[in-house]
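Asker: Protein chains in written order, with this note's numbering: chain X, 1 to 54; chain L, 55 to 108; chain U, 109 to 371; chain F, 372 to 634.
No lab work stands behind these hints, which were simulated from the structure alone.
Yeah, the Cβ is synthetic: ideal placement off N, Cα and C, and Gly gets one too.
Do not take every clue at face value.
[Said to hold, decoys possible] Derived DSSO-like pairs: lysine-lysine, alpha-carbon spacing no greater than 27 Å straight-line:
#1 X:47 x U:339
#2 X:14 x U:339
#3 F:390 x U:211
#4 L:101 x F:503
#5 F:503 x U:155
#6 U:211 x U:244
#7 F:418 x U:173
[What the hints assert, rightly or not] From the derived model, a few chain U residues whose C-beta atoms are all more than 10 Å from chain X:
#8 134
#9 199
#10 201
#11 219
#12 245
#13 305
#14 360
#15 363
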Amino acid sequence: MPECPVCGGTVDLKGDTVEGELIACAECGSELEVTGVNPFTLAEAPKEEEDWGE
Amino acid sequence: MPECPVCGGTVDLKGDTVEGELIACAECGSELEVTGVNPFTLAEAPKEEEDWGE
Amino acid sequence: MIIVKLGGGREINVEGVIKDLAELDQKFLILHGANAVRDEIAEKLGKPTRVVTSVSGYSSVFSDKDAIDAIMMGYSGIKNKRIVELCQRNGINAVGLSGIDGKLIQGERNKGIRVRKGEKVMILRDYSGKPKRVNKELLQLLLDHGYVPVICIPITDENNVAINSENDDIVNVLQEALRADTILSLIEAPGYLENRDDENSLIQTITAGELKAREDQVEGRMKRKMLALRKLIDNGAKTVVISDGRVEHPIKGALAGKGTTIK
Amino acid sequence: MIIVKLGGGREINVEGVIKDLAELDQKFLILHGANAVRDEIAEKLGKPTRVVTSVSGYSSVFSDKDAIDAIMMGYSGIKNKRIVELCQRNGINAVGLSGIDGKLIQGERNKGIRVRKGEKVMILRDYSGKPKRVNKELLQLLLDHGYVPVICIPITDENNVAINSENDDIVNVLQEALRADTILSLIEAPGYLENRDDENSLIQTITAGELKAREDQVEGRMKRKMLALRKLIDNGAKTVVISDGRVEHPIKGALAGKGTTIK
Chain X
1 MPECPVCGGT VDLKGDTVEG ELIACAECGS ELEVTGVNPF TLAEAPKEEE
51 DWGE
Chain L
55 MPECPVCGGT VDLKGDTVEG ELIACAECGS ELEVTGVNPF TLAEAPKEEE
105 DWGE
Chain U
109 MIIVKLGGGR EINVEGVIKD LAELDQKFLI LHGANAVRDE IAEKLGKPTR
159 VVTSVSGYSS VFSDKDAIDA IMMGYSGIKN KRIVELCQRN GINAVGLSGI
209 DGKLIQGERN KGIRVRKGEK VMILRDYSGK PKRVNKELLQ LLLDHGYVPV
259 ICIPITDENN VAINSENDDI VNVLQEALRA DTILSLIEAP GYLENRDDEN
309 SLIQTITAGE LKAREDQVEG RMKRKMLALR KLIDNGAKTV VISDGRVEHP
359 IKGALAGKGT TIK
Chain F
372 MIIVKLGGGR EINVEGVIKD LAELDQKFLI LHGANAVRDE IAEKLGKPTR
422 VVTSVSGYSS VFSDKDAIDA IMMGYSGIKN KRIVELCQRN GINAVGLSGI
472 DGKLIQGERN KGIRVRKGEK VMILRDYSGK PKRVNKELLQ LLLDHGYVPV
522 ICIPITDENN VAINSENDDI VNVLQEALRA DTILSLIEAP GYLENRDDEN
572 SLIQTITAGE LKAREDQVEG RMKRKMLALR KLIDNGAKTV VISDGRVEHP
622 IKGALAGKGT TIK
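Extracted from the complex, chain X is given alone in its bound form:
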C-alpha cells in the first residue's frame, strides 16, 4: 500500500480505487489524489477551485 506524501503514513486503498479519485489520509487527514494504479501512486490534491469559468 502506498505512503501518504504528507505524513508518510501508509494509506489503505480499497480494490475499486481508480485514477483521479480523491481520498483522505486516515492518519493526517490530508486530501490526496490517486495519480496512478498498479502500482498505486498518491499526490497531495490541488487547492480547491470552484469552477473553470465558461
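Starting from the structure of chain X, add chains L, U and F where the hints point.
Answerer: Same frame as chain X, now just chains L, U and F:
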C-alpha cells in the same frame, strides 16, 4: 423583347428563359447573359474562364 | 481607447455594432464570444458541449480536446473571420487573432475541479484556465500601424497548450495592458437587471462601491461577473457600460449611456 | 527566407514538419491547406463540398456561402490554430492569419464559369477568385518582430468579401512580395511523378525549361500547377522542391533535395 447591348438588335427570348442563362444574339452573334427576368435584361457575358481553382 | 466586448449569443446584432464602430474616431479593439455557434457546431459534429457541476455547485463547460476543436472552428474560425470580413467591408482594417496567436493571451491551466461520480469524489482536469497576461507589444504593434485587433479564445497556457477561458477574465487582462478609458460590454439584455426576468428592472448607473455591496449578496457565476466588472474600474477604466447588443445601434446606444453604466 | 507550403491532406506529418522547422536558423513562413478536414466538417454539417464541372471540362469546388463557412471553420479555424499551437509548443512564435486578416492576400472575384444545365448553358458565380497582391507591410512587420506567419484561405476580393482561392496561386503572390530564395512544397507523394500511379517514377530534378515543355503536353489542373511552379522561378526563387510531407522529417528531407527539385 430586350435589345442586344452590343448591336442594339432585338433579342428574341423564349418563355422558359431564366436568369443566369447564356444566349447568342441572332443578329451579331455576341454571347449575352440574361441578368434579369420580368422584365428581361441582358448584358454581355463575361470573358471565358475555365475554372475557379480549388 | 475603447474595448468592445461582444457576447456570443445569436441575437447580438454584429452588423449594427460594426457599422457604428466604422463611424468612431477613437481607437478600439473587439473581444468577441461565439458560444451559440460553437454549441451548434459541436452538436452537429456529434460531440455536444458538455457541462459539469463541481461538488461546490459550480457548473462550467468541460473543455476536452473535442471541445477545443469546436472552439477553434466556432470562435477563432467562423465567428472571428465573419467579424473581420464585416469590418473590412465597412472600412475597418481588422486583424483576427486568437489568444494563442503570437501568445497574445497567456494563462495558466486550471488545477482541476472536484466532481461526484457515484460514491466517489474525483478530480477532473481539462483544457481550461485563467488568463494572466497579454502580449502587449503585439497589440500595440498592430494598433500603431492602423490595424484593429479582433480577439477571441482559445488562449495559451504555461506550456503553450490551447485552452478555453472566460471572456470576462480576458477583458480584464486586456484592460491591465491597455488601460482603456471606456469598456463597452454588449449582451442579450438591456443591461444589468435588478431582476433577471424583468427587462424593466434595469439599473441605469451603479458605482464600484454599490457593485461591491451587491457582490457580497450573490454567489457563483453572478458573483464572478461582478468581481470582474469591478476589477475593470480598479484597472483604470473611467466608464464601463453594459448595454443591449440586439438593438439597431448597439455602440451608439452604449456610448449615449443606454444600459447600465458603472462609474 | 523560406516559404513552406503544406498540403491539406490527412497524411501530411504536420508535427514532423514543425519539429524540423523549429531547428531551422532561417526565417520562414507557412502557407497551409486543409481540404481534408474542411470536407469532413462540411459533410457532418450536412452541406458537403460540391464540385462543378465547366463546359470546357474543368472541375472545381463550388464556393457558396456554406462552403466559405466550412473554409473558415476548417482552414482558418481548426487547422490554422492547431498548427499555431504546435509551433508555439516547439518554440516557434507563430501568428495565424487568413488572407482577409489585415487584407493580407487581396484578390479578384472570378467572373463566373459556364456550366450545362439540361439544354441550357448557364453562368455560375460563387465566392472564389484569383489572388493578385499581398499586404507586404503586414508580413514584414510580423517577420521583423520575430513572428512566424501561418497563412491560409479565405482571401479577400475587390469588395473585401471573403473568397476561396488556390494555394498554388497564393504561394506565387507571396513569392512576388517576399522574393524567397527557397520554396518547399510538401505533398502526399514522393514528389513530381512521371507516372502518377508509380511512386518510383520520381523525377529528381527538372529545369524551368523542361517544365515549360511538359506544360505544353498536358491540360487542365496539371497544366495550371506547372505554370504556377514555373512562375515561382520567374519570381526569383532559386530552389523549388516538391517533397513528401508524409515522412518523419519532411523539411530536412526537402532541404536535402529529396523529391523533385526545380532549378
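Asker: If a hint holds in the structure, say so; if it does not, say that too.
Answerer: Evaluation of the provided hints:
1. X:47 x U:339: Holds. Residue 47 (chain X) to residue 339 (chain U) sits at ~23 Å (cutoff 27 Å).
2. X:14 x U:339: Violated: residue 14 (chain X) and residue 339 (chain U) sit about 46 Å apart, past 27 Å.
3. F:390 x U:211: Status holds; Cα separation ~19 Å.
4. L:101 x F:503: holds (18 Å)
5. F:503 x U:155: Violated, at about 40 Å.
6. U:211 x U:244: OK: residue 211 (chain U) and residue 244 (chain U) at ~10 Å, within 27 Å.
7. F:418 x U:173: holds (24 Å)
8. 134: holds (29 Å)
9. 199: holds (33 Å)
10. 201: Residue 201 (chain U) clear of chain X: closest Cβ-Cβ about 30 Å, beyond 10 Å.
11. 219: violated (3 Å)
12. 245: Label holds. Min Cβ-Cβ 26 Å, cutoff 10 Å.
13. 305: holds (23 Å)
14. 360: holds (29 Å)
15. 363: holds (28 Å)
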